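Undergrad: Residue-level listing of the chains:
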Amino acid sequence: MTTAKEKLVVIGNGMAGINTLEQILKLTDRFEITVFGSEPYPNYNRIMLSYVLEGSKTLDDIVINDWNWYKENGITLHTSQTVTRIDTDAKTVITESGMTAAYDKLLIATGSNSLMLPIPGSDREGVVGFRDIADCNQMLEAAKAYKTAAVIGGGLLGLEAAKGLVGLGMDVTVVHLMNDLMERQLDSQASAMLKAELERQGIKFAMGKSTAEMQGDHRVRKLVFTDGEELDAEFVVMAVGIRPNKQIGDASGIATNRGILVDDFLRTSAPDVYAVGECAEHRGMCYGLVAPLFEQGNVLAKQICGIETEGYAGSITSTKLKISGVDVFSAGEFIEGPQHTVISAKDEWKRTYKKVLLENNKIVGAVLFGDVAESASLQKYVREGTEMNDEIYGDLMGTGGGCGGGKSKTAAVEKMADDEIVCGCKGVTKKVIVDAINEKGLTTVDEIKACTGATGSCGGCKPVVEQILSYVLGDGFKKTVKTGICACTPLSRQEIVAGIKEKGLRTTKEVMHVLEWHNAEGCSKCRPAVNYYLGVIYPGEHKDEKESRFVNERMNANIQKDGTYTVVPRMYGGVTTPEDLKKIADVSVKYNVKAVKVTGGQRLDLIGVQKEDLPKVWEELDMPSGYAYAKSLRTVKTCVGSQYCRFGTQDSMGVGAMLERKFERLDFPAKFKMAVNGCPRNCAEACTKDIGIVGNDGGWEIFIGGNGGIKARLADSLCKVKTDEELTDTIAAVMQYYRETGNYLERTSEWVERMGLEDIYSKTVEDVENRKALVASIELALTFVEDPWKKVLADDKTRSELFDTTKSVTIQA
Amino acid sequence: MTQEWNTATAVTVALDTLDNFPSRMGRVFLVDETEIAVFRTSDDEVYAIENRNPHPKGGPLAEAIVSGHYIYDPLYDWKIDLKTGLVQEPDQGQVRTFPIKVVEQQVILFTK
Numbered sequence: 001m002t003t004a005k006e007k008l009v010v011i012g013n014g015m016a017g018i019n020t021l022e023q024i025l026k027l028t029d030r031f032e033i034t035v036f037g038s039e040p041y042p043n044y045n046r047i048m049l050s051y052v053l054e055g056s057k058t059l060d061d062i063v064i065n066d067w068n069w070y071k072e073n074g075i076t077l078h079t080s081q082t083v084t085r086i087d088t089d090a091k092t093v094i095t096e097s098g099m100t101a102a103y104d105k106l107l108i109a110t111g112s113n114s115l116m117l118p119i120p121g122s123d124r125e126g127v128v129g130f131r132d133i134a135d136c137n138q139m140l141e142a143a144k145a146y147k148t149a150a151v152i153g154g155g156l157l158g159l160e161a162a163k164g165l166v167g168l169g170m171d172v173t174v175v176h177l178m179n180d181l182m183e184r185q186l187d188s189q190a191s192a193m194l195k196a197e198l199e200r201q202g203i204k205f206a207m208g209k210s211t212a213e214m215q216g217d218h219r220v221r222k223l224v225f226t227d228g229e230e231l232d233a234e235f236v237v238m239a240v241g242i243r244p245n246k247q248i249g250d251a252s253g254i255a256t257n258r259g260i261l262v263d264d265f266l267r268t269s270a271p272d273v274y275a276v277g278e279c280a281e282h283r284g285m286c287y288g289l290v291a292p293l294f295e296q297g298n299v300l301a302k303q304i305c306g307i308e309t310e311g312y313a314g315s316i317t318s319t320k321l322k323i324s325g326v327d328v329f330s331a332g333e334f335i336e337g338p339q340h341t342v343i344s345a346k347d348e349w350k351r352t353y354k355k356v357l358l359e360n361n362k363i364v365g366a367v368l369f370g371d372v373a374e375s376a377s378l379q380k381y382v383r384e385g386t387e388m389n390d391e392i393y394g395d396l397m398g399t400g401g402g403c404g405g406g407k408s409k410t411a412a413v414e415k416m417a418d419d420e421i422v423c424g425c426k427g428v429t430k431k432v433i434v435d436a437i438n439e440k441g442l443t444t445v446d447e448i449k450a451c452t453g454a455t456g457s458c459g460g461c462k463p464v465v466e467q468i469l470s471y472v473l474g475d476g477f478k479k480t481v482k483t484g485i486c487a488c489t490p491l492s493r494q495e496i497v498a499g500i501k502e503k504g505l506r507t508t509k510e511v512m513h514v515l516e517w518h519n520a521e522g523c524s525k526c527r528p529a530v531n532y533y534l535g536v537i538y539p540g541e542h543k544d545e546k547e548s549r550f551v552n553e554r555m556n557a558n559i560q561k562d563g564t565y566t567v568v569p570r571m572y573g574g575v576t577t578p579e580d581l582k583k584i585a586d587v588s589v590k591y592n593v594k595a596v597k598v599t600g601g602q603r604l605d606l607i608g609v610q611k612e613d614l615p616k617v618w619e620e621l622d623m624p625s626g627y628a629y630a631k632s633l634r635t636v637k638t639c640v641g642s643q644y645c646r647f648g649t650q651d652s653m654g655v656g657a658m659l660e661r662k663f664e665r666l667d668f669p670a671k672f673k674m675a676v677n678g679c680p681r682n683c684a685e686a687c688t689k690d691i692g693i694v695g696n697d698g699g700w701e702i703f704i705g706g707n708g709g710i711k712a713r714l715a716d717s718l719c720k721v722k723t724d725e726e727l728t729d730t731i732a733a734v735m736q737y738y739r740e741t742g743n744y745l746e747r748t749s750e751w752v753e754r755m756g757l758e759d760i761y762s763k764t765v766e767d768v769e770n771r772k773a774l775v776a777s778i779e780l781a782l783t784f785v786e787d788p789w790k791k792v793l794a795d796d797k798t799r800s801e802l803f804d805t806t807k808s809v810t811i812q813a
Numbered sequence: 001m002t003q004e005w006n007t008a009t010a011v012t013v014a015l016d017t018l019d020n021f022p023s024r025m026g027r028v029f030l031v032d033e034t035e036i037a038v039f040r041t042s043d044d045e046v047y048a049i050e051n052r053n054p055h056p057k058g059g060p061l062a063e064a065i066v067s068g069h070y071i072y073d074p075l076y077d078w079k080i081d082l083k084t085g086l087v088q089e090p091d092q093g094q095v096r097t098f099p100i101k102v103v104e105q106q107v108i109l110f111t112k
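Respectively, the protein sequence lines represent chains A and B. Be aware that the first sequence starts at 1, since it is given in the working numbering, and climbs by one per residue. Be aware that the second sequence starts at 1, since it is given in the working numbering, and climbs by one per residue.
Think of the hints as simulated: they come from the structure by calculation, not from any bench. You may find that some hints are simply not true.
Stated by the list, open to error - The list that follows gives simulated cross-link-like pairs (lysine-lysine, DSSO-like), each with its CA atoms no further than 30 Å apart:
no.: 1; chain 1: A; residue 1: 204; chain 2: B; residue 2: 57
no.: 2; chain 1: B; residue 1: 79; chain 2: A; residue 2: 561
no.: 3; chain 1: A; residue 1: 711; chain 2: A; residue 2: 57
no.: 4; chain 1: A; residue 1: 807; chain 2: B; residue 2: 79
no.: 5; chain 1: B; residue 1: 57; chain 2: A; residue 2: 597
no.: 6; chain 1: A; residue 1: 431; chain 2: A; residue 2: 26
no.: 7; chain 1: A; residue 1: 722; chain 2: A; residue 2: 662
no.: 8; chain 1: A; residue 1: 302; chain 2: A; residue 2: 204
no.: 9; chain 1: B; residue 1: 83; chain 2: A; residue 2: 797
What the hints assert, rightly or not - Label pairs and their calculated CB-CB ranges:
no.: 10; chain 1: A; residue 1: 122; chain 2: B; residue 2: 76; range: 56 to 66 Å
no.: 11; chain 1: A; residue 1: 502; chain 2: B; residue 2: 77; range: 28 to 38 Å
no.: 12; chain 1: B; residue 1: 76; chain 2: A; residue 2: 66; range: 17 to 27 Å
no.: 13; chain 1: B; residue 1: 77; chain 2: A; residue 2: 580; range: 29 to 39 Å
no.: 14; chain 1: A; residue 1: 622; chain 2: B; residue 2: 77; range: 26 to 36 Å
no.: 15; chain 1: B; residue 1: 84; chain 2: A; residue 2: 104; range: 36 to 46 Å
no.: 16; chain 1: A; residue 1: 435; chain 2: B; residue 2: 33; range: 12 to 22 Å
no.: 17; chain 1: A; residue 1: 786; chain 2: B; residue 2: 76; range: 30 to 40 Å
no.: 18; chain 1: A; residue 1: 322; chain 2: B; residue 2: 11; range: 46 to 56 Å
no.: 19; chain 1: A; residue 1: 73; chain 2: B; residue 2: 33; range: 35 to 45 Å
no.: 20; chain 1: A; residue 1: 253; chain 2: B; residue 2: 84; range: 31 to 41 Å
no.: 21; chain 1: A; residue 1: 494; chain 2: B; residue 2: 11; range: 24 to 34 Å
All figures in this text were calculated on a predicted structure; none of them were measured in a lab. Every residue, glycine too, gets a C-beta built ideally from N, C-alpha and C.
Throw the hints in and build the complete structure from the sequences for me.
TA: If you want it as structure tokens, here you go:
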């Protein structure tokens, strides 16, 4: 081919421009492409800057297209080159440094700039926007040198910046003009919940405040508000909004308003010049979110390649975001007026909120907070102006609709358009996900993440991706989810346990070999699980495999992010003595413990012990291990009880300590927590424990399956017993039944729901023979337990292999 | 991606005898200023990597679960190839690896 390629020039090396290029490259290779970018980096994900700020991602992590990508696609990239003018007659672009480039087609994707308010004093050092890597670096530097920061603007960007700075250890106040945070995306109810959540995370707020002046010396030192109040701030992030970067249009005689004006085919007023993303203004709208930008890119790519397209008709602005771990969603009209019928539900305990607005019975807007599983359906309803009916109501509000729930969610996914964007962070459409599932045989969200990138950034779209997966796989989805304890084997726990018993398998290696694992030595999920199942099946005989234990159980201490450990000595029933406290204090001082914390289970946690000091700390404490690191009985929490309390009807401290001594050190499928209360006032909170015991005048009531953690669940009442012996036996039977039938890592809250309370009741209470057998089994297992700290202290080889760092010096060979 | 080194100019350090390395577990050595985690795999090969988690939050690696010539890091459960130090998908990163071999039961590390 001798014909020269058409020249396509892109001004702007950000998400909008490069995403459009990616779409173009999928359609044709007929262009010779040149990209100009002002920043010295390849295209990176601006949305994820806050992750860089908080340290959970590095700059490299957020690069979307690395240097190689440009090379592989034959794209000439000029970084740190700002294009200042376009000569639309000569069809060339001219940069700041005088470089020129000719184009046949030109794409403007210059994005936007931080809106800097002209507040007196804002030219002082220490005042920045939050828009690019350079801003991010300035913030990282500031956090090292200064203590107090103010973020002006309580929108998404401001909150992300604030969260990042709090994570860096700064004292951060968000200053917001309005009384509600993110008032353009949330109603005041959701906004208040968000504020409460962020306050819990350490961010402070100054609401309804307008900054009159920034005072200081060469550097900003404080803000003065219009009401005269002041706020100390040695660092100020201005995050009041963004302004489309349209300078290039103005300088080149291209029509602009707020942004560069484009028609439905993203054409500007100049021939062969297009604009896309935040710099463009379409039908009076400038978008600041990523989804519209991808939608525009889609249309533009087709337009530039000469493929027929219906054109871009604007985007329905819906917002689905994750802010500091909280999911929020809004769509359509979400501030209620007199014309609206409001459906809402607020759950202060689960911290969720849901609101749907109807106008003439049509769904016109919605807000979700905390749980955004319904966002895909709602977005569709709002877009299509769906009429509210009983079925939709039931699905959304969790009542009435009966069995329709799951079905209709899949139905919403089914009706979703192929090119609808599911993952807004990475611009992944429904079609890309569906194709990946079909073509590559994917069966899990993790695989979809690895293959398409969807869910990989904020994770907000995970529920929708799950729904797509279940829709594409149909019945196959349930199968792949239900069976196989991990990717190494298709076998379930039950099948593995049966296999071990039938074939007399003795080690994890043997199990994985004989039961034909795909992965000979298993993974971090199945190895500990199989080791546990072997331990329960062969009490006393199974040689526990340290190498198949997760770090905390291998080291008998909880690892912290810096590689130090925590030590929790046993305190039976949460009761200690002055002598023991003295010893704990002495050891803490001697080994320079970083913090001593009272745990949720009424114990003392010595935080920040060096790995090599662990055995010495155990030796000098000379107390049993508190098992705070183990899938085992952690703690028995108690109230004061009848020994001292005027309300106490039972000796909760005594019985709690007795139960803890009896059942400690035993392996369970997951951590196991108990509580004993002396009366129904329930001060030790039995309702959130694996086994909770509540004393009353004539005996005890036993509750099981409670959980206060990730999936909160109130315990179910199992039975009432009269004597302490009955109490111990029933608990022993429940524990052993759970040990034998629980899936590894399955807490009793899930186990109770899976097995059913009736089944557990019949096996551990009703059927006396079965109960005796369970008690006998656990008694046998208990004869083999020993204190793990003492065991390590008596075994010099293990102690040195696991805990010592051998110092060596190099020698020249 | 095996690292090449010239034994004539190599800087070596004899760490310990092989029987002092527990199978499928890591041991930590401080060689000059660098912490090195040494793993003995089930086929009695040894691998040496820097004892520094490639996750942005850092932390150690020696306490990982070893499976074949891969480890699952103890803090974030990232899967890492002991041969190349490469973090497996969907996570990304790389740990520094060091040449190491067993000569007559003696485990020898090469640092250059």
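Undergrad: Take the hints in turn and mark each one as holding or not.
TA: Going through the hints against the structure:
no.	hint	verdict
1	A:204 - B:57	holds (25 Å)
2	B:79 - A:561	holds (17 Å)
3	A:711 - A:57	holds (27 Å)
4	A:807 - B:79	holds (27 Å)
5	B:57 - A:597	holds (23 Å)
6	A:431 - A:26	holds (15 Å)
7	A:722 - A:662	holds (20 Å)
8	A:302 - A:204	violated (47 Å)
9	B:83 - A:797	holds (27 Å)
10	A:122 - B:76: 56 to 66 Å	violated (41 Å)
11	A:502 - B:77: 28 to 38 Å	holds (31 Å)
12	B:76 - A:66: 17 to 27 Å	holds (23 Å)
13	B:77 - A:580: 29 to 39 Å	holds (36 Å)
14	A:622 - B:77: 26 to 36 Å	holds (34 Å)
15	B:84 - A:104: 36 to 46 Å	holds (44 Å)
16	A:435 - B:33: 12 to 22 Å	violated (50 Å)
17	A:786 - B:76: 30 to 40 Å	holds (31 Å)
18	A:322 - B:11: 46 to 56 Å	holds (48 Å)
19	A:73 - B:33: 35 to 45 Å	holds (42 Å)
20	A:253 - B:84: 31 to 41 Å	violated (55 Å)
21	A:494 - B:11: 24 to 34 Å	violated (54 Å)
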